[in-house]
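Use the sequences and the hints to build the structure in full.
Chains A and B supply the protein sequences, listed in that same order.
Here the first sequence is numbered in this note's numbering, starting from 65 and rising by one per residue.
Here the second sequence is numbered in this note's numbering, starting from 326 and rising by one per residue.
Have a look at the derived ranges for each label pair, beta carbon to beta carbon:
| # | chain 1 | residue 1 | chain 2 | residue 2 | range |
| --- | --- | --- | --- | --- | --- |
| 1 | A | 115 | B | 358 | 49 to 55 Å |
| 2 | B | 415 | A | 194 | 33 to 39 Å |
| 3 | B | 391 | A | 115 | 32 to 38 Å |
| 4 | B | 391 | A | 104 | 29 to 35 Å |
| 5 | A | 145 | B | 339 | 52 to 58 Å |
| 6 | B | 415 | A | 123 | 19 to 25 Å |
| 7 | B | 393 | A | 303 | 18 to 24 Å |
| 8 | B | 358 | A | 109 | 42 to 48 Å |
| 9 | B | 412 | A | 164 | 20 to 26 Å |
| 10 | A | 127 | B | 414 | 27 to 33 Å |
| 11 | A | 159 | B | 367 | 55 to 61 Å |
| 12 | B | 399 | A | 108 | 26 to 32 Å |
| 13 | B | 406 | A | 104 | 18 to 24 Å |
Keep in mind that the hints were calculated from the coordinates and are not lab data.
C-beta: ideal position from N, C-alpha, C; glycine also.
These are the residues of each chain, in order.
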Amino acid sequence: MAALALPVIFPWTARSKSSHFDRRLAVAASRMQPPALTDDDELTALRAGDEAAFAALVDRYGPSMMRVARLYVRTPSVAEEVVQETWLAVLNGLDRFEGRSSLKTWIFSILVNIARTRGTREARSVPFSELAAREADADEAPVDPDRFQGTRDPQPGGWAVPPASWAPIPEQRLLSDETLERVRDAIAALPPAQRAVIALRDVEGWSSAETRAALDLSEGNQRVLLHRARAKVRAALEDYLS
Amino acid sequence: MRLLPSRFRRRGQPLRCRELVELVTAYVEGTLDARERERFEAHVRLCDGCVHYVEQLRTTIALTGRLDHAALSDGARRELLHAFREWKRA
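Written out as structure tokens, the structure is:
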């Protein structure tokens, strides 16, 4: 991507460069053997019953797993149960794990499935991939259509009620626990596939390739789900902050 | 582009705000084609509402990234290591 002559409010260029790079990496990786580094060593150690290796994995992924589980279940103690069940499923599935995805994405795909099936009956009966497809295909407007001018207005398709700048909002307020609670609530209110994607991409900071692998999503679906999830969280924040 | 219902797509015409908000994620991911990227940036240079929208989205993503962790409790961690030893023996 060429450098952009945009004002400093656009660090997008840096982000888009890295996701472009991630995509190329993912394509290259799919064509060759995964580098026999961390994952292989970890797998060997686990299969050999190396408790220190297992403890290290638990400590490394634990906080992220708790965070993701917590987006699906009501209490930290249930989230903890979900994480524990996940590790047991991982251990029991070690023999069958073929290494086609990374250890991390495999672990989290198990976690997401266990976490969401702890919830509603619907979550248990509908496969995640089908939920994701339904959510991506639904006709959904990320921004309330009333925010835009209609065909009879002076600027059709332009903002009727433009978003305000958040620059005047004191940083303390933006970073406060109350504001973060709103973000958490907005994410909890998302439909399951959108929630999973924003959890891995934005809460955990995973790349598009890793998220797609963990959730078994096409690039198009992943982007649509992320787009809708972010739009809803933004709208909830705008409501709260205005 | 799947994001945009076809009734909103007007190739080659300047972007309207309602169209821009559909393209934001693709822009950030770097998946817009060159022409759509140019249209996006050209619009944003001139439109305060859209500048604020994109800023708000950027802030939203940053805040989402700040949701904090709860680590596993000591008890849970001990149980897991115990489970690991049981699993090893089986």
